[in-house]
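Trainee: Chains A and B, in that order, give the protein sequences.
If you read the first sequence in full-length UniProt numbering, its first letter stands for residue 1, the second for the next number, and so on.
If you read the second sequence in full-length UniProt numbering, its first letter stands for residue 1, the second for the next number, and so on.
Don't read these hints as lab results, they were simulated from the structure.
We put the CB at the ideal spot given by N, CA and C, even for glycine.
One or more of the hints may lead you astray.
Stated by the list, open to error - One side only, chain B facing chain A, incomplete, derived with CB under 7 Å:
id : residue
1  : 120
2  : 123
3  : 180
4  : 184
5  : 202
6  : 241
7  : 250
8  : 403
9  : 407
10 : 408
11 : 410
12 : 418
13 : 448
Claimed, not checked - The calculated lysine to any residue pairs, modelled on SDA-like cross-linking and capped at a C-alpha distance of 20 Å, are:
id : chain 1 : residue 1 : chain 2 : residue 2
14 : A       : 167       : B       : 199
15 : A       : 167       : B       : 250
16 : B       : 216       : B       : 403
The primary structure of each chain is shown beneath.
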Amino acid sequence: MNYLLRRLLAVIPVLAVVAVIVFLLLRLAPGDPAVIIAGDTASAEDIEHIRQTLGLNRPVVEQFVGWIGQILRGDLGTSVFTGMPVAEMIRQRVEPTLWISALTMAFAVVFAVPMGIIAAWKAGTWVDRAVSGLAVAAFSLPVFVIGYGLVYGFSTQLDWFPVQGFKSLSDGFVPFIRHLALPVISGGLIYMALLARMTRSTMLEVLAQDYIRTARAKGLSSQRLLLRHALKNAAVPIVTTIGLGIAMLLSGVIVTESVFAIPGIGRLTVDSILRRDYPVIQGIVLVTATAYVLINLITDLLYGLFDPRIRY
Amino acid sequence: MRLPLPFRARPLAAAFFSLAALAAQAGFASTLHMIPQGDLKILDPIQNPSYITRNHGYMIYDTLFAQNAKGIIKPQMVDSWKVSADKKTWSFKLRDGLKWSDGTPVTAADCVASLKRWGARDVSGRLLFAAVGEIKASDAANFTIVLKSAFGPVLEMLGKPSSNVPFMMPERIAATDPNEQIKDTVGSGPFIFKRDEWVPGSKVVYIKNPNYVPRKEPADGLAGGKLVKVDRVEWNYIPDQNTALAAFKKGEMDIYELPPADFIPVLSADASIKLATDPLGDQGWLRPNHLAAPFDNPKARQALYYLVNQGEYMAAAGFPEAYRHKPCMAYFMCGSVNESFAGSAPYAGGKDIEKAKKLLQEAGYKGEKIVVLTPSEPPVQAAAAMVTVQNLKKAGVNVDAQAMDWSTLLARRAKKDGWHIFHTYSVGTDVFSPAVNAYAQANCEKAPSGWPCDAKLEQLRAAWVAEGDAAKRKKITDELQARMYEVVPYVNFGQFFQPMAYRTNLTGVLSVGVPVMWNIEKK
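Make a model of the complete structure from these sequences and hints.
Mentor: In structure tokens, the structure reads:
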């Protein structure tokens, strides 16, 4: 309990450092939202007027203090373009990103872990080589290439899935899954490859241990040996990879979201950066950083479940 | 012979997924889906002149006057108007029964407040309001504009078709500082904006405005009755153009507002798709920085004209022949009422690298670095920058082509130093007259980035807007254009037509340069 509390308290300085860095980086980067709002035909005077109404002419320190004050009151601020609260904009985008991330990781785990186990069990055979070949291929193909390929095959030619968009689960399970199938597969292949290779290598290491040889000598069935004795001991690096993968997915589904026009956090981040919507970028970075820290914490706590030697 | 398993499964799977698709689309037959040209992020068409915000304006607001398909100004919210003999007092009467989308009546006071806000922000509005002595509502339906100095195109300005369009808003909303974004979207246009369904960066939803009172005449350009024939309109922003094309060709979308030029052949070849173009088209601009040497010297700016072959720019941007205008030397658009070729004779021979070199030398150019702001997108600007860079190199110019995203370019060009050339383009309705063409301004600090400064050009612009007689105005247009070819506020790198694509199950689509959603039926 003390460990959990300590780790939760450690979030505060992490977020403070992130807040300072993101705020300063944005002010140092080229670009000015006032120029974009003023438009193509604006004079310098017009731009300055808009800068004043947005408060961008105030000293950077004053802007920073104002923003931190808002954060401490639980307010992430308001988009300088849409006029919408940043929290509301993030809330609109969380559902698609969470679903893509969760289903992508589920897809990867469901296929990768058995593939890795079988490849390790059949090490050196054609099965092992086939799994390794598939993993290398999936690893080497960029997500957007896989995405376009799937769209061409399954949407344009076969007409099985829509090309783009997102439907919430509340719109019905069938439209929900039809819109997510291709994004999940295209985004999941790379994680599947990563996990399959990680599972294979850690399983190979475990399968070479003395206690496995002893278990075999005792006549334990292959299934029991692999799943109960070997996999559990190989789980820590696999869980670490899954944890890192989820954290990466939360902010790294940008390509998938762009190819399939899914309104998730990744696209909101890119759009906000392109138009220099400072409050939105700052809000997303803070929320994402918090999610990273929490996922890392959950991953650490899971280690104890798989390896009783790990105690906090 | 039995089919291999994947082929036996395929018809079943196809049937399952097709049924699922039908189920998913049930109940949305009268929803019009459009892929807009960009992401609607700002809702105020007066504060922000971007075309996507202008298009949003046409959905939910109405105008006092509007251009028909022939470019003639017609009354829209106005029922009747009269002008005094000295052309100084203009009186307008609103149509009966006009209402805002919240059900309250439209009043003359609302229109006066809206015009004042527009006049404080728009290039043409500022010209008009510089001549306005008084503007006031005399009662709920009537208002008057009294001019203190002559101003010819009063109705043309009130019916200005493109950014910033003088849209009418309720007085309480129009009272907002013009540099601040409005927070309320009540309008008197044919649609209502569904704020609760708006997902910036993804989806904009409009529904029919039950309080809208259309004119009795049929729709004609931006004028006439704006009859809404669908229940709902969705703008689905798809940032990836390949995905947008696939979704449109598959029928998930009904209208593709601005497909990239290199998609035109693919779309033209599809029998289920039609392309509509604004007959006036767009004009590309190469804008030099008039404050940075050597382009502070008119000879260096004139040299740029000798580096331009309009066909090269159009080809680089990917426009098929049918979508390029023949080389056009009219600053105010070929095919417009203000078409003129005055002053262009020296450049009639086309690209001449040697002449360009000579003029650059005469301007005192000695091999200093010339910074060309080179965007990665949008495609027309990106391609144009590449062509200019190559031609400058051929003329022996020491070019520094600096690659950047469009937002960075906007910020860079707002600064008076550190750059020499950028490229942009504008729709013909924002170019076709000296009153609306912002880049034709030569009022130094008050001009957009590039800051041309020429008193004679400004005098001619002032004379143009003061003139009410069409024949006299034509003469001033010629003089003004001749002066523009001497001063070179910008170089016109070509006139082109960007089509809007729509599926053939739609009827009543209007080709007006703005993707208007009224008059369209979906079968």
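Trainee: Next step is simple, just say for each hint if it's right about the structure.
Mentor: Taking the hints in turn, this is what the structure says about them:
no.: 1; hint: 120; in the structure: 10 Å, violated
no.: 2; hint: 123; in the structure: 6 Å, holds
no.: 3; hint: 180; in the structure: 5 Å, holds
no.: 4; hint: 184; in the structure: 11 Å, violated
no.: 5; hint: 202; in the structure: 3 Å, holds
no.: 6; hint: 241; in the structure: 11 Å, violated
no.: 7; hint: 250; in the structure: 6 Å, holds
no.: 8; hint: 403; in the structure: 12 Å, violated
no.: 9; hint: 407; in the structure: 5 Å, holds
no.: 10; hint: 408; in the structure: 5 Å, holds
no.: 11; hint: 410; in the structure: 5 Å, holds
no.: 12; hint: 418; in the structure: 11 Å, violated
no.: 13; hint: 448; in the structure: 5 Å, holds
no.: 14; hint: A:167 with B:199; in the structure: 13 Å, holds
no.: 15; hint: A:167 with B:250; in the structure: 18 Å, holds
no.: 16; hint: B:216 with B:403; in the structure: 52 Å, violated
Checked against the numbered hints above, the structure violates hints 1, 4, 6, 8, 12, 16; every other hint is satisfied.
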